[in-house]
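Start from chain R and add chain L according to the hints.
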Amino acid sequence: MRLLFINHIQNARQSLQSSRTRSLLTMLGVTIGIASVTAILALSGGTNKIISEQIDSLGGNIIIVRPGTAKKMSPDITHSQLTSEYITSTLTEADVALLETTEHIQSVAPLMTMTGTIKADSTAPSDSQIVVTTPKLAEISDLKIRDGQFIEEGLDQNTVVVGTQLSINVFGTESSIGSTLTLRGQPFVVVGVLKRTNKPINYNSIDFDNAAIINFEAGKKLNSNIAQIQQINIRADSINNLDSAIADTNKTLKQSHDGENDFSVLVGDQISKPTSQLFFTIAGVMTAIATISLVVGGIGIMNIMLVTVAERTREIGIRKALGASSSDISWQFLIESLAISIVGGTFGYVAGYVVAFSISDLLTFDPVINWQIALIAFAISVVMGMIFGFYPAIRAARKDPIESLNRHN
Amino acid sequence: MVMAITTKKPVIHLRDLQKRFGIGDAEIFALDGINLTIKKGEFVSIMGPSGCGKTTLLNIIGLLDRSFVGEYEINGKSVDSISERRQARIRSKQIGFVFQNFNLVQRLNVIENVALPLVYKGISHTKRLIIASDILKTFHLNEREYYMPYQLSGGQVQRVAIARALVNEPSIILADEPTGNLDSRASHIIMEELSELHKRGNTIIMVTHNPRLTTYSSRVITMLDGKIDADTKPEDVKQEPKIKHPKKVIKRKKSVYRQKRKKR
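Chains as they are written, first to last, in my numbering: chain R, 3 to 411; chain L, 395 to 658.
Just so you know, these hints were derived from the structure itself, not from any lab. Be careful, since some hints might not be right.
Not the full set, but computed from the structure, chain R residues with beta-carbon under 7 Å of chain L [to be verified]: (1) Leu-6; (2) Asn-9; (3) Ser-20; (4) Glu-317; (5) Ile-320; (6) Ala-323; (7) Leu-324; (8) Gly-325; (9) Ser-327; (10) Pro-403; (11) Ile-404.
Per the computed footprint, the stretches of chain L lying under chain R, defined by three or more beta-carbons under 8 Å from a beta-carbon of chain R, are [said to hold, decoys possible]: (12) 490-498; (13) 513-525.
With the C-beta cut set under 10 Å, the calculated list includes, among others, these residues of chain L facing chain R [said to hold, decoys possible]: (14) Thr-450; (15) Gln-481; (16) Asn-562.
For glycine and all other residues, C-beta sits at the position ideal for the given N, C-alpha and C.
For reference, chain R alone in the conformation it holds in the complex (with noise of 0.2 Å):
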């Protein structure tokens, strides 16, 4: 069994050769499909990899909570990116009160970003953000100061304290304390400037470098003084602690909901997973260009099987008449298809990298290589053959042996 198997691979390859450039056309679908899922898959690691590092980095006692349920936030390119914008937090400074006299939780900070004209000498670009967060932020996400000093209690409401960036992009130096800014028309004076971060991507979906962060009370005045948490940072009082922790934030976010689960308490793994709303988009459509070129390709394979089945129904006739089962018969073509799928997934594997790696000089990460992106592609290369090459197969297998031994090609 073990021989005639190794033979069906023999003959696969023979078969193949003999038609190189039908095969190659044939694998093209497969190709695509397969180095568009590699794609998808290495930049997606990539970015669950950067958040996962700064999780650990921050000695991986952080808790995320955020408004309505995990199923929510998940990714759905059917609904436009306003949509969620306009469903208001279920999250209110009463938690962030009282998470903050919870067991096992030592510092709270929520977080609010809002989107506005940041001005001075230069307007700032549209992508920079306004934050609005407490003094614990600082803590518990690491913000390191460059210049002054973090946002505090005690300090007049209209300070700001800026990214790098921001601050060169609107003053035209990273050294601009005391300069006054303006964010959605009030004027606000910098007294920090923070350490430059280079972490565009993160599990708090704000690019400090780009960011104006202004006190909590500052920011509801900006906001018709309307609370509008987007997420609640958390840090534990030790790693041992942590899962108390996360029972105790629960339980006490419950009572306050009425009962309701309207919340989301994330940790470790389920943080890292990306966001943002654009990187879904984009994944959603190279998961769709993956899927039609994997139904296209495969669709193409058994096509050219079929093909194969019809030109070689004498052989197929020979074959069974010096001792051939029907079996036989079948896995010769099935092996057939699913050489022509894993030569294809291959080449598709590498091509995927050679895509990541291309969009990942413009992007501010590294695509992940792992074993794993290696065995989804394998699979969906085996299971393509599979299910694909199994008509044409049967087919072949079904042939009446005296008509095809009568066939003349």
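Below, chain L alone, put in the same frame as chain R:
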């Protein structure tokens, strides 16, 4: 000699075998109540006009055609009770086919064609090629091992086909007009090969149109309209008038010409 054959076990036993094609008004009996027993070591020629059911009978005997009515026993075992997979194994180990139109796989070279039946016996690639090479040597085709089928003459292709039928050392050889596409010289060589196999104890069943070829066999079955019309010895078969060999005709013409010149 006859006694020696009759004491041998029957290899093939057919009882009231029927094979129909078509349905209703268009129904035709290709085989209509065939009763036949073939013993081990017999060389049976099956003759008859086109469409009398010779090839159909050979296909049923070779386990290629399973849709028939009646009883068929091979080596004492009813074919009905043998699974499709087991029948394939019998074809692989016990039966060798020689076809009229050679039926070599065109994309494989000579040695790979000859080694093809060994694939289904689970023999390794290298061993297959060694066995195929050995048998090609006995057919004086060892210099043509890596030729493609289209690079060979008709006689050579048929010798390759016979080598392929014998590579598994089958006990039964089924030949469907093995010399049908060959000239008399090539036919003679092929028949000598089959005769040699018969002497070695193989059972040979050959379908032919040519009464002259029946001289090689030990038994001649004549079929007509799907039935066995006669079961005779080769001596009883009426031979067609011998066609003079072209060389002899030319020789005779030359001698007549010389005689005429002498007279002048």
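Interface hint for Ile-320/R, Cβ within 7 Å of any Cβ on chain L: 5 Å, holds
If you take the shortest Cβ to Cβ gap from Asn-9/R to chain L, is it below 7 Å? 5 Å, holds
Leu-324/R was flagged as interface toward chain L. Is the shortest Cβ-Cβ separation under 7 Å? 4 Å, holds
Can Gly-325/R be said to touch chain L, with a Cβ gap under 7 Å? 2 Å, holds
Close enough to count: is the Cβ of Gln-481/L nearer than 10 Å to one in chain R? 8 Å, holds
Given Asn-562/L was flagged as interface, is its beta-carbon under 10 Å from a beta-carbon of chain R? Cβ of Asn-562/L sits 7 Å from chain R, so the hint holds.
Do three or more residues of the segment 490-498 of chain L come closer than 8 Å to chain R, measuring C-beta to C-beta? holds (count 4)
Regarding the hint that Leu-6/R lies at the interface with chain L, is the smallest CB-CB distance below 7 Å? 6 Å, holds
Holds or violated: Glu-317/R as interface residue toward chain L, Cβ cutoff 7 Å? Because about 5 Å separates Glu-317/R from the closest Cβ in chain L, which is inside the 7 Å limit, the hint holds.
Using 7 Å as the Cβ threshold, decide whether Ser-327/R counts as touching chain L. 4 Å, holds
With a cut-off of 7 Å, does the beta carbon of Ala-323/R approach a beta carbon of chain L closely enough for the hint to hold? 5 Å, holds
Hint Ile-404/R vs chain L: min CB-CB distance below 7 Å? 5 Å, holds
Of the numbered hints given earlier, the model fails none.
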